[in-house]
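**Student:** Sequence:
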Amino acid sequence: MAKLEAMHTFVKVAETSSFAEAARQLHMSPPAVTRAVSALEEQIGTRLFTRTTRVVRLTEAGNRYFEDCRKILADVEEAEAAASGSYARPTGVLHVTASVLFGQQFLLPILTEFLGENPDVTVRSLFVDRVVNLVDEGIDVAIRIGHLPDSSQSAVRVGKVRQVVCGAPAYFADHGIPQQPADLARHRMIAGTSSFSSLDWFFGQDQRHKVHITPRLFCNTYDGVIRATLEGWGLSRVLSYQIGEHLVEGRLQTVLSDFEQDPLPIHIVHPEGRRASAKVRAFIDLAVERLRANRLIN
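Residue numbers (this note's numbering): 1 to 298.
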């Protein structure tokens with residue numbers, strides 16, 4: 001047990017890059033944290049950290065040991081949960097993230113349904129238009145739109161979306177309809193300013209058409225971009241699900257459909273893999289079923 005506690009202390013120091021912060025989070029004194037790590041280093045026979053007055057870094061051996069310790073501690077936690085019965089019962093706090101409009105439009109109804117079915121779970125949602133680091137920000141489940149980089153995280157595909165150029169019928173009546181990507185240079189453009197936005201727009205399945213747009217209107221949210229487009233001020237490029245109802249009801253229409261790129265996949269991503277807790281597994285099961293049934297993203 002003492003060895004496991006020492007490993008837990010070491011992992012916390014590695015995660016926080018600080019002996020003092022690890023001590024604070026573990027409710028230990030800084031000297032006790034230092035002694036625990038020093039005892040591990042003595043038992044292993046190698047240094048786990050490089051320490052200076054300002055920086056604490058894992059050594060190469062420390063990095064390998066850190067990953068092994070995390071796996072061992074996760075196995076122990078899973079075994080204890082299974083023995084206590086909590087492994088099969090969703091409990092605790094579930095942290096979920098998605099982009100703003102996707103979260104508001106699709107995820108919130110799933111979250112409220114999930115809470116109704118699991119009275120021992122609390123949900124903290126983070127809806128932001130940036131890529132959230134799941135480990136650093138303590139996220140259990142994320143919705144990712146776009147092609148995933150190779151990683152150790154588990155992913156389940158639940159849908160796909162198109163990147164579309166759209167405008168209001170009144171705008172097209174006054175300014176005409178672009179027939180090819182180069183025509184956008186003669187139109188008023190609306191653009192977002194989030195981390196997903198770019199002023200270089202690519203078209204075609206092989207991205208052979210590149211257009212650099214020069215917007216006169218920038219919005220820091222896609223809700224703002226869409227509202228300005230609905231007002232008939234100009235054209236914008238958004239994801240198809242973001243304007244699905246507007247298209248159905250005729251308030252917006254898409255153009256340049258022959259030049260669209262391949263659809264972007266939508267995945268549910270989580271870092272725990274097969275060791276996922278009961279709350280994570282239960283939420284993913286529900287979310288997969290609901291999202292795959294949604295006509296706006298499938």
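Think of the hints as simulated: they come from the structure by calculation, not from any bench.
Just so you know, not all the hints are guaranteed correct.
In silico SDA-like links for lysine to any residue, alpha-carbon gap of 20 Å or less [to be verified]:
1. 160 <-> 207
2. 160 <-> 188
3. 3 <-> 75
4. 71 <-> 8
5. 71 <-> 183
6. 210 <-> 135
7. 210 <-> 228
8. 71 <-> 122
9. 3 <-> 68
10. 160 <-> 75
11. 210 <-> 245
12. 3 <-> 26
13. 71 <-> 61
14. 3 <-> 61
15. 3 <-> 55
16. 3 <-> 117
17. 3 <-> 54
18. 160 <-> 21
19. 3 <-> 25
Computed spacing ranges between beta-carbons, pair by pair [claimed, not checked]:
20. 248 <-> 156: 35 to 41 Å
21. 288 <-> 210: 45 to 51 Å
22. 71 <-> 119: 30 to 36 Å
The beta carbon of each residue, even a glycine, is placed where N, CA and C say it ideally should be.
**Student:** For the pair we were handed, residue 160 and residue 21, check the Cα-Cα distance against 20 Å.
**Tutor:** 42 Å, violated
**Student:** Does the structure keep residue 3 and residue 54 at a Cα separation of 20 Å or less?
**Tutor:** 28 Å, violated
**Student:** Can you confirm whether the C-alpha distance between residue 160 and residue 188 stays at or below 20 Å?
**Tutor:** Distance ~28 Å between residue 160 and residue 188 Cα, so the pair is violated.
**Student:** Are residue 160 and residue 75 close enough, with their CA atoms no more than 20 Å apart?
**Tutor:** Answer violated: residue 160 to residue 75 is near 35 Å, above 20 Å.
**Student:** Do the beta carbons of residue 71 and residue 119 sit within 30 to 36 Å of each other?
**Tutor:** 32 Å, holds
**Student:** Are residue 3 and residue 117 close enough, with their CA atoms no more than 20 Å apart?
**Tutor:** 39 Å, violated
**Student:** Regarding the pair residue 71 and residue 183, is the alpha-carbon distance no greater than 20 Å?
**Tutor:** Given pair residue 71, residue 183 is violated - Cα atoms ~55 Å apart, limit 20 Å.
**Student:** Taking only the CA atoms, is the gap from residue 71 to residue 61 under or equal to 20 Å?
**Tutor:** 16 Å, holds
**Student:** Please work out if residue 71 and residue 8 have their alpha carbons no farther apart than 20 Å.
**Tutor:** At roughly 11 Å apart (the allowed maximum being 20 Å), residue 8 and residue 71 satisfy the hint.
**Student:** Starting from residue 3, check that the Cα of residue 61 is at most 20 Å away, please.
**Tutor:** Since the Cα atoms of residue 3 and residue 61 sit roughly 18 Å apart, the hinted pair holds (cutoff 20 Å).
**Student:** If you draw a straight line from the CA of residue 3 to the CA of residue 75, is it 20 Å or shorter?
**Tutor:** 15 Å, holds
**Student:** I want to verify a distance hint. Is the separation of the beta carbons of residue 248 and residue 156 within 35 to 41 Å?
**Tutor:** 28 Å, violated
This entry does not satisfy hints 2, 5, 6, 7, 8, 10, 11, 15, 16, 17, 18, 20, 21, going by the numbered hints stated previously.
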